[in-house]
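Peer 1: Sequence:
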Amino acid sequence: MRILPAQAKQALQPAQPFSFETVWLDRKGEIARRLPGQASQVSEKLGRGVTLELVAVPQGFFQMGSRDEMGYPDELPVHPVFLAGFWLGKAPVTQAQWQAVM
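Counting from 1442, one number per residue, gives the positions in the sequence shown under this note's numbering.
Hints in this document: simulated from the structure, not taken from any laboratory.
Remember, predicted model here, so these are calculated numbers, not experimental data.
In this text, a Cβ means the ideal position worked out from N, Cα and C, and glycines have one as well.
It is possible that part of the hints are untrue.
[Claimed, not checked] Simulated pairs of lysine to any residue, SDA-like, Cα-Cα distance not exceeding 25 Å: (1) K1486 - V1522; (2) K1531 - A1497; (3) K1531 - V1496; (4) K1531 - I1472; (5) K1486 - A1456; (6) K1531 - P1499; (7) K1531 - A1456; (8) K1531 - S1507; (9) K1531 - A1541; (10) K1531 - Q1457; (11) K1531 - G1488; (12) K1486 - F1527; (13) K1531 - Q1482; (14) K1486 - V1496; (15) K1531 - F1461; (16) K1469 - G1512; (17) K1531 - F1459.
[To be verified] Estimated spans, in silico, between C-beta atoms of each pair: (18) E1516 - W1465: 20 to 26 Å; (19) T1463 - F1502: 18 to 24 Å; (20) G1490 - M1511: 31 to 37 Å; (21) P1521 - D1467: 28 to 34 Å; (22) F1459 - A1525: 27 to 33 Å; (23) S1460 - P1514: 22 to 28 Å; (24) L1517 - F1461: 32 to 38 Å; (25) R1508 - E1471: 24 to 30 Å; (26) S1460 - G1526: 16 to 22 Å; (27) S1507 - R1474: 22 to 28 Å; (28) Q1504 - L1529: 16 to 22 Å.
I would like the entire structure built from these sequences, with the hints used as guidance.
Peer 2: Shown next, in the form of structure tokens:
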């Protein structure tokens, strides 16, 4: 499957906002907190009535690695990582989608 950078938006249908909810579970697996969120999505027509829904993952920084007293040696040191924005499939790829792309 081809990688679609976030800048490839012009090749897709206009992005549409959608709402979602992130659920945090406690140690018992019960819902401890619900956080509402919003993201952009597009739908690309692959042909033969097959479409692929994509969600925008915005660029940003996050901390990667483990503190000295936690984790494995190859996880050190904690360091900032920059992530360029990209589009990610909203759901697992189906056989029809795979065949349309391949």
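Peer 1: Could you check the structure against the hints above and give me the numbers of any it violates, in ascending order?
Peer 2: Checked against the structure, the hints that fail are numbers 1, 8, 20, 22 and 23, while the rest are satisfied.
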